[in-house]
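Student: Sequence:
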Amino acid sequence: MELDVLNEARAADSPDPLEDIARRLLVEIGEDPERDGLKDTPARFARWWREFSRYDAGAVDTLFPLQTEGQMVMVSDINVWSLCEHHLLPFSCAVTIAYRPHGEVLGLSKFARIAHRHAHRLQVQERLVRDIADEVTKVTGSVDVAVIATGEHLCMSMRGIRTPAAMTSAAYSGIFEEYGPARQELVATVFQARK
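Following the working numbering, the residues of the sequence shown are numbered contiguously, the last one being 201.
Hint data in this document are derived by calculation from the structure and do not stem from the laboratory.
Only a predicted model underlies this, so the values are computations on that prediction, with no experimental measurement involved.
Don't be surprised by glycine CBs; every beta carbon is placed ideally from N, CA and C.
It cannot be assumed that every hint is accurate.
[Stated by the list, open to error] Think about it this way: if two alpha-carbon atoms lie no more than 20 Å apart in a straight line, the pair counts; the simulated SDA-like pairs of lysine to any residue are: (1) Lys144 <-> Ser179; (2) Lys45 <-> Ile27; (3) Lys144 <-> Gly180; (4) Lys144 <-> His108; (5) Lys144 <-> Gly64; (6) Lys144 <-> Val79; (7) Lys144 <-> Arg29; (8) Lys144 <-> Pro107; (9) Lys144 <-> Arg106; (10) Lys144 <-> Glu132; (11) Lys45 <-> Glu34; (12) Lys144 <-> Tyr185; (13) Lys144 <-> Glu110; (14) Lys144 <-> Gly76; (15) Lys144 <-> Ala63; (16) Lys45 <-> Asp26; (17) Lys144 <-> Pro96; (18) Lys144 <-> Ser115; (19) Lys144 <-> Gly109; (20) Lys45 <-> Arg29; (21) Lys45 <-> Gly64; (22) Lys144 <-> Arg133; (23) Lys144 <-> Phe70; (24) Lys45 <-> Ile35; (25) Lys45 <-> Pro21; (26) Lys144 <-> Leu114; (27) Lys144 <-> Pro71; (28) Lys144 <-> Met173; (29) Lys144 <-> Leu72; (30) Lys144 <-> Phe58; (31) Lys144 <-> Asp62.
[To be verified] With beta-carbon atoms standing in for the labels, derived distance ranges: (32) Gly166 <-> Gly76: 18 to 26 Å; (33) Leu69 <-> Leu44: 43 to 51 Å; (34) Leu95 <-> Asp38: 23 to 31 Å; (35) Glu37 <-> Pro170: 51 to 59 Å; (36) Gly36 <-> Leu72: 55 to 63 Å; (37) Glu183 <-> Leu44: 47 to 55 Å.
All chains, full assembly: derive it from the sequences and hints.
Tutor: Printed below as a string of structure tokens:
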């Protein structure tokens, strides 16, 4: 809250400090921030960083009465972008969230809202899946939650080894922790759909 007030006051008095950072970056990589094509880049850079880091997922706790018990609910291919906290480069993930409801089901769009909420900050994919799983558990009250994400990281594709690869990470709790029927069904469904 205090930070928001400070940022609003700063915005009223002067340009966003991120604009200066963008100008300095352009100079350091040998560009002229005043040339055509780059004049407005520092302002766009600042707006994008503010938009990304201040993402508001909205309400994520809309639950509906459940008519049946014991079934698995799975939402697949939620596409999110995040930023690698090690290199500040983007990575994209296709996220699948599964859980076994107990009494109520979570509204469909809430899965995507939860995934995006946790993607819109500096992250690593392993923590991203755990953060999503923890929030789904908190919102639904179900301990039977699984999150699987497969992503491509530009910090590997654009730098270092410079080769694309898919990284898969998963977080399992409750019935998904053991390699039994629920986990087998989940894994088979996720990886069959991606073929």
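Student: Against the range 18 to 26 Å, how does the distance between the Cβ atoms of Gly166 and Gly76 compare: consistent or not?
Tutor: 46 Å, violated
Student: Quickly compare the C-alpha distance for Lys144 and Pro96 to 20 Å and report which way the hint goes.
Tutor: Violated: Lys144 and Pro96 sit about 28 Å apart, past 20 Å.
Student: Quickly compare the C-alpha distance for Lys45 and Glu34 to 20 Å and report which way the hint goes.
Tutor: At roughly 16 Å apart (the allowed maximum being 20 Å), Glu34 and Lys45 satisfy the hint.
Student: Between Lys144 and Gly76, does the CA-CA distance stay at or below 20 Å?
Tutor: Judged against 20 Å, a Cα distance of about 19 Å means the pair holds.
Student: Next pair to validate is Lys144 with Gly109; report whether the Cα-Cα distance is within 20 Å.
Tutor: Within the cut-off at roughly 14 Å; holds.
Student: Going straight from one Cα to the other, do Lys144 and Val79 come out at no more than 20 Å?
Tutor: Holds: Lys144 and Val79 sit about 16 Å apart, inside 20 Å.
Student: Does the alpha-carbon distance linking Lys144 and Asp62 stay inside the 20 Å limit?
Tutor: 18 Å, holds
Student: For Lys144 and Ala63, compute the direct alpha-carbon distance and say whether it is at most 20 Å.
Tutor: Given that 20 Å is the threshold and the Cα spacing comes to 16 Å, the pair holds.
Student: What's the verdict on Lys144 and Glu110, does the C-alpha distance respect the 20 Å limit or exceed it?
Tutor: 13 Å, holds
Student: Does the structure keep Lys144 and Pro107 at a Cα separation of 20 Å or less?
Tutor: 12 Å, holds
Student: Does the alpha-carbon distance linking Lys144 and Pro71 stay inside the 20 Å limit?
Tutor: Holds, at about 17 Å.
Student: With a cut-off of 20 Å on the C-alpha distance, tell me whether Lys144 and Tyr185 pass.
Tutor: 23 Å, violated
Consistency with the previously given hints fails for numbers 7, 12, 17, 21, 28, 30, 32, 35, ordered from lowest to highest.
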